[in-house]
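Chemist: When you get a sec, could you build the whole thing from the sequences and use the hints?
The sequence shown begins at 1 in UniProt numbering and counts up one residue at a time.
None of these hints come from the bench; they were simulated from the model.
Warning: the hint list may mix true and false statements.
In the PhoX-like style, the derived pairs of lysine-lysine whose C-alpha atoms are separated by at most 25 Å in a straight line are [stated by the list, open to error]:
| id | residue 1 | residue 2 |
| --- | --- | --- |
| 1 | Lys42 | Lys115 |
| 2 | Lys120 | Lys42 |
| 3 | Lys68 | Lys115 |
| 4 | Lys4 | Lys28 |
| 5 | Lys147 | Lys28 |
| 6 | Lys71 | Lys82 |
| 7 | Lys68 | Lys46 |
| 8 | Lys46 | Lys82 |
| 9 | Lys86 | Lys71 |
| 10 | Lys46 | Lys4 |
| 11 | Lys69 | Lys115 |
The following label-pair restraints were derived from C-beta to C-beta distances [claimed, not checked]:
| id | residue 1 | residue 2 | range |
| --- | --- | --- | --- |
| 12 | Lys115 | Glu58 | 29 to 39 Å |
| 13 | Ser150 | Glu58 | 24 to 34 Å |
| 14 | Pro52 | Asp145 | 31 to 41 Å |
| 15 | Arg148 | Glu58 | 28 to 38 Å |
| 16 | Arg148 | Pro52 | 11 to 21 Å |
| 17 | Lys69 | Ser150 | 17 to 27 Å |
| 18 | Asn67 | Cys143 | 29 to 39 Å |
| 19 | Arg146 | Gln47 | 29 to 39 Å |
| 20 | Ile66 | Lys147 | 28 to 38 Å |
| 21 | Thr62 | Glu116 | 17 to 27 Å |
| 22 | Arg29 | Leu72 | 32 to 42 Å |
| 23 | Lys28 | His93 | 31 to 41 Å |
The structure displayed is predicted, hence computed values, not measured ones.
In this text, a Cβ means the ideal position worked out from N, Cα and C, and glycines have one as well.
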Amino acid sequence: MPLKIGLLGGSFNPPHAGHLYISLEALKRLNLHQVWWLFCRKNPLKQICYIPCDIRVEMARTLIGINKKIKLINSDDVYTYKTLRKLTSQYPHHDFTWIAGMDSIMTIHAWENWKEILRKVRFAIFDRENFLHKCMRSRFILCVDRKRVSPVLIKKKNISSTLLRSKNEWYKHVSESN
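Modeler: Below is the structure:
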């Protein structure tokens, strides 16, 4: 029987409780065996100052803690399609689902080789603010087989990597985790 694996990709700049929350919800609501956090050093679509990688990795490990169903995987590639090629080649019997927030899906057409990504994995779209109607009119939904998309409505968490960076609150999280 193939393992059902959720993939949560990102630069985790910084990782936070929202990443953990969406992972735990995905495990439960999508009946996944595991969620893999695909950690990349930088997002090729964003020109921002990054928290050092070793600190982000350590913060992610601290967040995951002893949860055996969430794994941190370092991705050498900044492009999702390359990472997915490797994973689907290395684990041909796994059933992969890309876990994404509505914000990511709305910009997926800007990702390198985005149509290949649509063919490689299923999608679980986590809607934090009931923007599903926007997604249904997006480029993404026009190009993907809708049977491969699971919309998931979750409670909004008032936390984001952007917010933590803007307030320099990630330093607080680092000191608390060490």
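Chemist: Does the beta carbon distance between Ser150 and Glu58 stay inside 24 to 34 Å, or does it fall outside?
Modeler: Holds: the Cβ-Cβ distance is about 32 Å, inside 24 to 34 Å.
Chemist: Does 29 to 39 Å hold as the CB distance between Asn67 and Cys143, or does it fail?
Modeler: holds (34 Å)
Chemist: Between the beta carbons of Lys115 and Glu58, is the distance compatible with 29 to 39 Å?
Modeler: Between Lys115 and Glu58, where Cβ atoms are some 35 Å apart, the hint holds.
Chemist: Could you say whether the range 31 to 41 Å given as a hint is met by the Cβ separation of Pro52 and Asp145?
Modeler: About 40 Å separates the Cβ atoms of Pro52 and Asp145, which means 31 to 41 Å holds.
Chemist: Starting from Lys68, check that the Cα of Lys115 is at most 25 Å away, please.
Modeler: violated (32 Å)
Chemist: Does Lys68 pair with Lys46 here, judged by a C-alpha cut-off of 25 Å?
Modeler: violated (31 Å)
Chemist: Would you mind confirming whether the straight-line C-alpha gap from Lys120 to Lys42 stays at or under 25 Å?
Modeler: holds (22 Å)
Chemist: Next pair to validate is Lys4 with Lys28; report whether the Cα-Cα distance is within 25 Å.
Modeler: Holds: Lys4 and Lys28 sit about 12 Å apart, inside 25 Å.
Chemist: Does 17 to 27 Å hold as the CB distance between Lys69 and Ser150, or does it fail?
Modeler: For Lys69 and Ser150 the Cβ distance comes to about 18 Å; the hint holds.
Chemist: Look at the Cβ atoms of Arg148 and Pro52 and judge whether their distance stays inside 11 to 21 Å.
Modeler: Given range 11 to 21 Å: violated, Cβ gap about 36 Å.
Chemist: Given the hint that Lys86 pairs with Lys71, test it: the Cα-Cα distance must not exceed 25 Å.
Modeler: holds (17 Å)
Chemist: Please work out if Lys42 and Lys115 have their alpha carbons no farther apart than 25 Å.
Modeler: With a Cα-Cα distance of about 21 Å, the restraint between Lys42 and Lys115 holds, given a limit of 25 Å.
When the structure is compared with the earlier hints, violations turn up for hints 3, 7, 10, 11, 16, 21, 22, 23 and for no others.
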